[in-house]
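Trainee: Chain by chain, the residues:
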Amino acid sequence: MTATAARLFEGADWDFSTLQRIHDACEEIARSELRLDTYPNQIEVITAEQMLDAYSSVGMPLFYKHWSFGKHFAHQETFYRKGLIGLAYEIVINSSPCISYLMEENTATMQTLVIAHAAFGHNHFFKNNYLFRQWTDAEGILDYLDFAKSYVAQCEERHGRQAVEQTLDAAHALMSHGIDRYPGKKKLDLRTEEKRAGERRAHEASAFNDLWRTVPTGPAKSTETLNIERRRKLLGVPQENLLYFLEKTAPRLQPWQRELLRIVRHIAQYFYPQSQTKVMNEGTATYVHYRIMNRLHEQGRISDGNFLEFLQSHTNVVFQPDFDDPRFSGFNPYALGFAMMQDIERIVTNPEDEDREWFPDIAGTGDVMAVLRNTWANYRDESFISQFLSPRLIRKLRMFHLHDDPEESAGIRVDAIHDERGYRRVRRELARQYDVGYIDPNIEVVDVDLAGDRRLMLRHAVVKGAQLNEVDAKRVLQHLADLWSYDVSLVEVDATDTVLKEHVVSPRRHAVAA
Amino acid sequence: MAMHIVDRRLNPGGKSLENRQRFLRRAKALVQGAVKQSSQDRDIKDVLEGGEVSIPLDGMNEPRFRREGGTRDMVLPGNKKFVEGDMLPRSGQGSGKSSGSGEGDGEDSFRFVLSRDEFVDMFLDDLELPDLAKRKLAEAESEGLRRAGYTTSGSPANISINRTVRLALARRVALRRPRADAIAQLEAEIADCDEARRIELTAEIDALKAKLRRIPFIDPIDIRYRRFETMPKPVAQAVMFCLMDVSGSMSEHMKDLAKRFYMLLYVFLTRRYRHVEIVFIRHTDRAEEVDEQTFFHGPASGGTLVSSALMAMHEIVASRYRPADWNIYAAQASDGDNSGSDGAAVSQLLTEMILPVSQFFAYLEVGEAGGNTFDMSDSSLWTLYQRLRAEGAPLSMRKVRERSEIFPVFHDLFQRRGKQEKVAS
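As they're listed, the protein sequences go chains A and B.
Residue numbering for the first sequence follows our numbering, starting at 117 and increasing by one per position.
Residue numbering for the second sequence follows our numbering, starting at 746 and increasing by one per position.
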């Protein structure tokens, strides 16, 4: 060890100049050695209560008001006070500048870890990963949230709190189905979005002429003349973005209600990449903090004692219990992500024959960071695992694949284990567990009965026999029917187009739409 | 690259307070039920501390489409002995996780902590102050003043400078009152110009000056006064009389019951009035006003004359609490004993002096723990009060033996009218 540089801090205490020194030291390593490309950083020191606050409004610093956030806060607070959960050391926001929240009670070592992890690891990932580049607008998000907050408040003033709450409740229930999953649409530009919302309202106000209401509209065109194809095209169905469909098509929503749906939809879209990149995002950040912390220690800027403290936290973070451990609750994204990043490092620098066979493109190329940066930019969890999970790591984690068919009375079959026959199957199945297309139920609007009672028709394509939970499905459909203001039906069909079940819900009398 | 550090710790807390209030409002009925439930078996002190409540999630759920059932595939870490093709028994050892229930279960009831204020609010929310006795006094509330626009006449003290000057300015502009600097400019021009021009200018200046004099800077018609209106002002202060029999027959338990009732009444009144005073009057065969400590804990012995306490209360009201300015509440606690000869004096004092000036008079008969409330044989005081009630005196009376009965009794007494007409017990 070469103790060339001065220590960044001694002991556990820190102040703002310590944070600045830590940040600068991390930044130097991140730029020169890891060659990370990040948004400017903004570090905010917060208290435990503020951390809880952030938890309950999906981690964002400002958000519109809604009772559900109060509910989550009360829930979290209870657990926290009982000591059942600890709080995260940090929260980081995909915005530019990239905001990292640090808890005030962290020690200096923890602050170093967190700055390396969030302000450089996550930050680089946000700025470079293709999903985030495609779907989110880091520059505009905070302004948009600000707009959303004041817009919701305005609506409450004008239209009453209850009406707004009902609309938001309904929109939240459909939030996971308010996402465009395929590119092709324009990238979200939230600043323009905010401006457009203002212009829409101004136009409505200036173009309002009550006379139009009194103009006779003449006999309606016979709907039979509209053939099915044309109708479906006009309606834009099939459409899997339910919120988008309602915003554009629901017959009786007020303009402000459409705007609220739009807001919820945009926010859902903003979070969409995060749900697809948990393993990669945490893996990246953990790998980055591990490299930076080790380098700081080598440079003598962190004392041995503090380094041990870091190692302890780090080990806790990347702990992966076995499946039969009472602590097990699925794969720990930190553990899996970090293990894979380290495995890639090994393959690039020190490959074995097996690795050369499985990963001819990267094995032994020598430049770890080039390979990793490329991976971080161009993959999401599903493709990352199906591409880079190595036989060696499968053996190390002793992964196995279970197939549980309710028809099979003998029990659950072990389908593949960590052997030559099993590697590819295990890898394929694990990747599938991270495929959002697979995780979220596939529900789309297929048609509207325009000739008849205007019933909205939805279809759930059942995969592997997993149908919707009936109680929840009814509740969500109720919200959907309230927005649509006519009946809504949802059929669940399997791969052979056999209808397994049909749910029909009518709007409530005091429905959301007037 | 520039880095900013922002210290958010000093930002005002309670950012989520509004969300919390929305949540509580939405869950009101449920939370209220839970609060009542948990207040049954708590001490008053504890109740006022708030605490954890558990509510069912009805109407508070946030549904999502989610799937369940079907064939499931999962990849797990930590294989120890399985080989391909093994069949594992369902829900057996080692594969317990694989038959785990869908997410979202176990969320059907919801626990969280209510603060003290929230708890008391919820507890008292459906209670309301009775105005049984003092109906005719309710109109004799004191009068207050309220701003009500402007007027053209009034006292000089109420002149509104702002409004007056604004009107004067408007008038001056409308009548084109010459400005002083315009005249000054013309006068400056006179200094260097020829004779003809000078005469012309002088005439102009004279005309302007004449106009200036004709149009005053401030005219009496500009003057406005602030106008005030009288309006009835509700009496925002209350006094609460605690009367208690402290003769030998009152046990510690009975005093404890009384104390609990008084505390609840106090909390309730402080929620409704800006200012609440308490007067403690204890009595044996004579009454005295004491402080709280003596009231509950001071030793005393002697006979029992209720009329002495009522007399003391009457005197205090007369000397310190004018009924027009104060809402008067009285709660009397006793084990029901009273000297037989005192009945006539008590009924006269009550009906003629005390009840006409009181908003509310409650009599709480406390008994020893263990017995059944309904088996209590009617005491002399109870019988007397019951007779007064029957004659139309606005009295509320309840019997209490157990701590746990205090809340229901209190609740019962102050239940919002319309829900349930108050009935004698």
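Since the hints were made in silico from the structure, they are not lab data.
A virtual CB, placed ideally from N, CA and C, is assigned to each residue, including glycine.
Possibly wrong hints are sitting among the right ones.
With a straight-line Cα cutoff of 16 Å, these simulated EDC-like cross-link-like pairs (lysine to aspartate or glutamate) come out [said to hold, decoys possible]:
no.	chain 1	residue 1	chain 2	residue 2
1	B	Lys826	A	Asp551
2	A	Lys617	B	Glu813
3	A	Lys580	A	Asp603
4	B	Lys825	A	Asp551
5	A	Lys580	B	Asp818
6	B	Lys1004	B	Asp964
7	B	Lys825	A	Asp438
A short list of chain A residues far from chain B (calculated; beta carbon distances all over 12 Å) [to be verified]:
no.	residue
8	Glu165
9	Pro371
10	Gly416
11	Leu427
12	Gln428
Selected chain A positions facing chain B (Cβ under 7 Å, derived; list incomplete) [unchecked claim]:
no.	residue
13	His139
14	Val161
15	Ser184
16	Lys187
17	Asp438
18	Phe439
19	Arg529
20	Leu546
21	Ala547
22	Ile555
Trainee: Could you check if A:Val161 really has its C-beta closer than 7 Å to a C-beta on chain B?
Mentor: At 5 Å from the nearest chain B Cβ, A:Val161 passes the 7 Å test, so the hint holds.
Trainee: Verify the proposed pairing of B:Lys826 with A:Asp551, using a straight-line Cα cut of 16 Å.
Mentor: violated (29 Å)
Trainee: Would the hint on A:His139 stand, with a C-beta cut-off of 7 Å toward chain B?
Mentor: holds (5 Å)
Trainee: Minimum Cβ separation between A:Leu427 and chain B greater than 12 Å?
Mentor: Holds: least Cβ distance 22 Å, greater than 12 Å.
Trainee: What's the verdict on A:Lys617 and B:Glu813, does the C-alpha distance respect the 16 Å limit or exceed it?
Mentor: holds (14 Å)
Trainee: A:Leu546 was flagged as interface toward chain B. Is the shortest Cβ-Cβ separation under 7 Å?
Mentor: holds (4 Å)
Trainee: Hold the hint about A:Lys187 up to the distance rule: shortest CB distance to chain B must be less than 7 Å.
Mentor: holds (5 Å)
Trainee: Hey, B:Lys825 versus A:Asp551, does the alpha-carbon distance stay inside 16 Å?
Mentor: violated (27 Å)
Trainee: Could you check if A:Asp438 really has its C-beta closer than 7 Å to a C-beta on chain B?
Mentor: The hint holds - A:Asp438 has a Cβ within 7 Å of chain B, the shortest such distance being about 3 Å.
Trainee: Identify whether the interface hint at A:Ala547 stands, where standing means a beta carbon of chain B within less than 7 Å of its own.
Mentor: Nearest chain B Cβ about 9 Å off; hint violated.
Trainee: With the threshold set at 16 Å, check whether the alpha-carbon distance from A:Lys580 to B:Asp818 stays at or below it.
Mentor: Holds. A:Lys580 to B:Asp818 sits at ~10 Å (cutoff 16 Å).
Trainee: Please check whether A:Ser184 passes as an interface residue: C-beta within 7 Å of a C-beta belonging to chain B.
Mentor: holds (6 Å)
In this structure, the hints that do not hold are numbers 1, 3, 4, 6, 8, 21, 22, in rising order.
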